[in-house]
Amino acid sequence: MHKRRRGLLLVLVLILLGLFFFLGTKMRSATQTTRNSEPSPVQEEVSEQEGVSKNVEVILQDIASLALEGRVPYVPFAAGEADQQVVHQQWGEPQQVTESVNGRYEAYQDVTIGFQGSHAFDIRSFKEDIKKIHLADIKNKLGEPDEVRYYQDTTTNQIILVYQVNADYQLKWILPKPTDSDPNPVVHHISVYTELKQQAADTVKQMTLDEKIGQMMFAGVSGTTLQQHTTSLIQDDKVGGLILYGNNLETPQQTVTLMNDLMAANTNNQVPLFIGTDQEGGKVVRLPGPLKNFPTNKSIGDINQSQLSFKVGQLLGEQLKAFGFNLDFAPVLDVNSNPNNPIIGDRSFSNHPDIVSKLGIQTMKGLESKQVIPVIKHFPGHGDTSVDSHLELPKVTKSLADLKQLELVPFKDAIDNGADVVMVAHILLPKIDPQYPSSMSKEIITGMLREQLGFDGVVMTDDMTMKAITNHFAIGQAAVDSIKAGSDIILIAHEYTNVASAIKAVKAAVHDGDITEERINESVRRIMQLKQKYQLVNQPVTAVDINKLNTDIENVFNMYK
Numbered sequence: 001m002h003k004r005r006r007g008l009l010l011v012l013v014l015i016l017l018g019l020f021f022f023l024g025t026k027m028r029s030a031t032q033t034t035r036n037s038e039p040s041p042v043q044e045e046v047s048e049q050e051g052v053s054k055n056v057e058v059i060l061q062d063i064a065s066l067a068l069e070g071r072v073p074y075v076p077f078a079a080g081e082a083d084q085q086v087v088h089q090q091w092g093e094p095q096q097v098t099e100s101v102n103g104r105y106e107a108y109q110d111v112t113i114g115f116q117g118s119h120a121f122d123i124r125s126f127k128e129d130i131k132k133i134h135l136a137d138i139k140n141k142l143g144e145p146d147e148v149r150y151y152q153d154t155t156t157n158q159i160i161l162v163y164q165v166n167a168d169y170q171l172k173w174i175l176p177k178p179t180d181s182d183p184n185p186v187v188h189h190i191s192v193y194t195e196l197k198q199q200a201a202d203t204v205k206q207m208t209l210d211e212k213i214g215q216m217m218f219a220g221v222s223g224t225t226l227q228q229h230t231t232s233l234i235q236d237d238k239v240g241g242l243i244l245y246g247n248n249l250e251t252p253q254q255t256v257t258l259m260n261d262l263m264a265a266n267t268n269n270q271v272p273l274f275i276g277t278d279q280e281g282g283k284v285v286r287l288p289g290p291l292k293n294f295p296t297n298k299s300i301g302d303i304n305q306s307q308l309s310f311k312v313g314q315l316l317g318e319q320l321k322a323f324g325f326n327l328d329f330a331p332v333l334d335v336n337s338n339p340n341n342p343i344i345g346d347r348s349f350s351n352h353p354d355i356v357s358k359l360g361i362q363t364m365k366g367l368e369s370k371q372v373i374p375v376i377k378h379f380p381g382h383g384d385t386s387v388d389s390h391l392e393l394p395k396v397t398k399s400l401a402d403l404k405q406l407e408l409v410p411f412k413d414a415i416d417n418g419a420d421v422v423m424v425a426h427i428l429l430p431k432i433d434p435q436y437p438s439s440m441s442k443e444i445i446t447g448m449l450r451e452q453l454g455f456d457g458v459v460m461t462d463d464m465t466m467k468a469i470t471n472h473f474a475i476g477q478a479a480v481d482s483i484k485a486g487s488d489i490i491l492i493a494h495e496y497t498n499v500a501s502a503i504k505a506v507k508a509a510v511h512d513g514d515i516t517e518e519r520i521n522e523s524v525r526r527i528m529q530l531k532q533k534y535q536l537v538n539q540p541v542t543a544v545d546i547n548k549l550n551t552d553i554e555n556v557f558n559m560y561k
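Residues in the sequence shown are numbered consecutively from 1, following full-length UniProt numbering.
If you're looking for bench data, these hints aren't it; they were derived computationally from the structure.
Think of the CB as a built atom: it goes at the ideal place given N, C-alpha and C, for glycine as much as any other residue.
There could be a bad hint or two in this list.
For lysine to aspartate or glutamate, the following EDC-like pairs were computed, each having C-alpha atoms within a straight-line distance of at most 16 Å [unchecked claim]: (1) Lys-533 <-> Glu-451; (2) Lys-172 <-> Asp-202; (3) Lys-172 <-> Glu-69.
Pair ranges (Cβ atoms, derived) [unchecked claim]: (4) Ala-474 <-> Asp-302: 16 to 24 Å; (5) His-472 <-> Arg-104: 49 to 57 Å; (6) Leu-209 <-> Gln-61: 40 to 48 Å; (7) Gln-228 <-> Tyr-560: 46 to 54 Å; (8) Gln-152 <-> Glu-69: 49 to 57 Å; (9) Leu-209 <-> Lys-131: 47 to 55 Å; (10) Asn-166 <-> Leu-400: 24 to 32 Å; (11) Lys-484 <-> Gln-61: 33 to 41 Å.
When you get a sec, could you build the whole thing from the sequences and use the hints?
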């Protein structure tokens, strides 16, 4: 009996031990499986977005679209913007690090990021999806590359197709070099690469706060010769740009002398000057001498020929370049919807937004083709005002929905076509911001222009010495509020003391914490990128050939008589 009980107890103990061992093994296995299935930062990013395998055309489209933003598929970082510390925080330490003459390359699963200093300048993807793409697929979808390069070492023989997708980024396709046995190789990896953003970031790092604030000021000058106050603006305040008006420009020779003196005064500064003027054509022209004038924009709008508008932009660019200017406060993209408007009128191409858009963009592109920076104006639209902002603050009682139907159309189209600079007008839009005019409004500059229209270029105010501003705000505080709202450049076209007040106020705001230095850096990086994009150099100007400029104008307009 006792033996039987002991036998039963032994069997029960063995059963319990077996269950314990089995359950423990399952739990350990489940835990290990969970550990093994925890995605790395890169895997996690991929698993959220990848889904089912994509076909080649969709993959190509994704790659091309993301390259416009400096990105590759499944990677949340952009070339020229991503900081090394942020990458490490999100993805951890790299699996491998390679130092090269170009920078430091950090490898993660299927992704390698190149850093110069702490900024990413090169993002490469080795994803399996990319390896479905053949050489012929790329050319069929994207056309011929802007450049073809080759790379060969003891183990590698590659062809590199380079597409300049926009002013900031290159998309590179790296493949084995085609051979007779494999004339249509598959992609090895892709690279999205930037130079401008990295150069701009490096330049900003080397600048003092005073230099950075100076770059955000676009100042007017006095007289027809180089004055002491102007020299001080350039050499002491390090202003980023100068605007000249008709009263500064008497004759071609005097203008050339003044321009050369301005550039010579900037010789010891590391950053070249913007030198701009209002050369719109029609009644708003500043250049001196017996230059033939252009018809008004309204007259050009009546002709309504895109090619003519492009040629007008080229002619304006040729004129400005000849005199030494590198920036034009044009074209006007206002829709002339109010016949009582005292300030726009025939400066506008039309009362129809599509015509303004079409012709304004072509004028912009013509200027760009001559390496002159166009400034599209007057955002968000001055065409339906009944007050001259030089004299008082205009008010437009339209909603955002109203603006999207008319005023914003040309600006949105120009931004989509690569506009580099937008000038913001002094207009009160109480349905959007009842407190501040557009040039000082965060709702309009950051909310509307940057976030809704997607503009990431340089934002410049209209002249802050206009009575639309000075009747209601002190210049210094207006400059501070405008920067807080999102402006990059403050235009102060008259009086040295006004520029000095703005610089002093902005510097005090940074020291007091009202504006962060990173906010200043953000604007100055944009300004540096713009100057680098147009390869600004302050080189001496030679005598202007007025006859050639006039002949070029005649030849163009004779075609449209």
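Right, here's what the structure says about each hint:
| no. | hint | verdict |
| --- | --- | --- |
| 1 | Lys-533 <-> Glu-451 | violated, 23 Å |
| 2 | Lys-172 <-> Asp-202 | violated, 23 Å |
| 3 | Lys-172 <-> Glu-69 | holds, 14 Å |
| 4 | Ala-474 <-> Asp-302: 16 to 24 Å | violated, 44 Å |
| 5 | His-472 <-> Arg-104: 49 to 57 Å | holds, 51 Å |
| 6 | Leu-209 <-> Gln-61: 40 to 48 Å | holds, 44 Å |
| 7 | Gln-228 <-> Tyr-560: 46 to 54 Å | holds, 47 Å |
| 8 | Gln-152 <-> Glu-69: 49 to 57 Å | violated, 32 Å |
| 9 | Leu-209 <-> Lys-131: 47 to 55 Å | holds, 48 Å |
| 10 | Asn-166 <-> Leu-400: 24 to 32 Å | holds, 28 Å |
| 11 | Lys-484 <-> Gln-61: 33 to 41 Å | holds, 39 Å |
The earlier numbered hints that this structure contradicts are 1, 2, 4, 8.
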